[in-house]
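Construct the complete structure from the given sequences, taking the supplied hints into account.
Sequence lines, in order, name chains A and B.
Using the numbering used here, you'd call the opening residue of the first sequence number 1 and step up by one each time.
Using the numbering used here, you'd call the opening residue of the second sequence number 1 and step up by one each time.
Some hints could be false.
Unchecked claim - Output of the computed footprint for chain A on chain B, the stretches with three or more beta carbons under 8 Å from beta carbons of chain A:
#, region
1, 9-19
2, 134-145
Unchecked claim - Counterexamples of contact, computed for chain B against chain A with all Cβ distances above 10 Å:
#, residue
3, G78
4, S128
5, K305
Derived from the structure by calculation, the hints contain no laboratory data.
We put the beta carbon where it would ideally sit given N, CA and C, even for glycine.
What follows is the residue order along each chain.
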Amino acid sequence: MTAKTLAPSRSLLLAFWLIGGVLLAFILLPLLQMIANQSPARLAHVAAMDEVRAAIILSVQAAFLTAALAGILGVPLAYLLARAAFPGKGIVEAIVDLPLAIPHTVVGIALLFVFGRTGWIGASVNALTGYQFWGTLGGIIVAMLFVSVTYTVNAARVGFESVDPRLEKVARTLGAGPWSVFTRVTLPLAWRGVLTGLTLTFARAISEFGAVIVLTYYPMTAPVKIYDLFLQFGLDDSSAMAVLFLAVALTLFILLRYLAYGRRAAPGGRA
Amino acid sequence: MTAALALDRVSLSLGAFALRDISFAVAPGEIFVVLGPSGAGKSVLLETIAGFYQPDAGTIHIGGRDVTAAPPEARRVGFMFQDYALFPHLTVAQNVQFARRDDPARTRDLLARLALAHLADRKPANLSGGEKQRVALARALAMDPALFLFDEPLSALDARARDALRDELKTLLRQLGLPAIYVTHDQTEALVLADKMAILRDGALLQIGAPSEIFNAPADEFVANFVGVETVLEGETLAASDGDVRIALGSREIHAVSDHAARRVLVCIRPEDVALAHAARGDSSVRNQFDARVVAVAALGPLFKITLDCGFPLIAYVTKQSYLELNLAPGVRVIASVKATAIHLIDRK
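As structure tokens, this is what we get:
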């Protein structure tokens, strides 16, 4: 919405662009410098390493599965927060936001208490099915989900709040039951919000390091492998893999944003 | 004859607001207008009829069937919200077939009946107000409604669009022959649309009756103030030619300029359009001159409200100067004149 109101003064705009430019440079410069420092030979060398490719594929897989799980688990809660009035709503909102406030190594340690060898879920799932959350894709997803599901719940909630309740009411009078109204009217109309949330969850999940490394060092996700290369071989190999991984993660992120916002907004649209 | 809709002593408490002991019935094919100021509970009343609220007490019957405990999807009511709440993610055709996805032939038939076939693939955002109204009607008709509920569908529009859509809606409802409850805070809308109407205030119905009854014989001061003091009279058209309509009002006749020529009409006269004098004027442009007797005089701010008996009741506003010059008091005889162009006619069924 652009209203023709009093235009902000030139000097103010200029000053703010200067300050904003510093911030943009702060974000972009390290990444660009890292990319600029790569030689094609080094990139090819790292890309040829089986472990590197496996780690990147694992990260992508785990982040997609995390986003899917966040959708299944997060959308119902998002709908409740958007539509239902219930006592303790503020507490529920705080719980949803909690993962953003906890250091990720702490998250990993806390998850060990529940999903680890002796944790009550970890131990009982292992006893019942033989599956274990340590050293597996499952453990990676548990760690990723904890740190990233907040984004899905909050963005999907905004999506649901933007759906006019009268549309749901009209649908009821047209003979649709509550479930049918949700799948035929509410969810399609809130879809953009849900997709935004899933995209942010995906981005947050694929970049997670701290919680993953505590809960599941092996198999290595890309951030863990980059750290591993850094410790073993120093900056050259680890930064080359970092650039490869960045290329993959950013491409996927832009594609998802394109899905959520359409042509105009990718990659530069507003979230 | 079974009522299309019957509410019997319906009460509902919603926090500070309550519907109190609401009873009324709507006959088949009847347009029943609920008129009330904002906050009176008009929307809550409609949403209770539609099944979004469960009454604390009382019963609701639709077509003789007790639906008091039925969910909205089992009531067969076509709900028309303000702006019509079309599904923005669906095309016109998909909106219309929302209720009956299994019956594309019915959708085609409804689109054709409401002159929407050429818009079938459009999204609602690209429709005019009249088109939206017809899509909403078609969408509701698809599930074969027993009754329509209108929640101030026109109140977001500008005056000109509102008048046009209101008239189109009335024509469509008459053609469809389905009963409808129409809530509004707009007196004109009520007068134009209503076969029968009710006044709602603070969750209670103050008066139910024909529009002419309510406008002429308001049950209490609130109703009188709310509906205004227009003179509204039932008349019968005697002749109409070239825009000149001659109407019988009891034993008197009145001329109006209008292209309406229904047999039964409501004759509406605004009090500021009534001029009073002691002698008839020779001016032939004023065709409606009546011998009148002053029944009552009331000071109304800068104006005086004069209630007259001309063989039919008539209300006039005069300035303080006229009031003094004419020496107006109960029993005084005057000539009341109204220009034919100042008379507003509303068609009756």
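Holds or violated: is the Cβ of B:G78 farther than 10 Å from all Cβ atoms of chain A? Non-interface label fails for B:G78: nearest chain A Cβ at 7 Å, not farther than 10 Å.
Counting residues of the region 134-145 of chain B that have a beta-carbon nearer than 8 Å to any beta-carbon of chain A, does the count reach 3? holds (count 4)
Run the C-beta distances from B:K305 to all of chain A and say if the shortest one exceeds 10 Å. 41 Å, holds
Going by Cβ atoms, does B:S128 stay more than 10 Å from chain A at every point? 20 Å, holds
Is the coverage entry for the region 9-19 of chain B by chain A consistent with the three-residue Cβ rule at 8 Å? As far as the region 9-19 of chain B goes, the hint is violated, because 0 residues have Cβ atoms under 8 Å from chain A.
The structure does not agree with the numbered hints 1, 3 stated previously, though it agrees with the rest.
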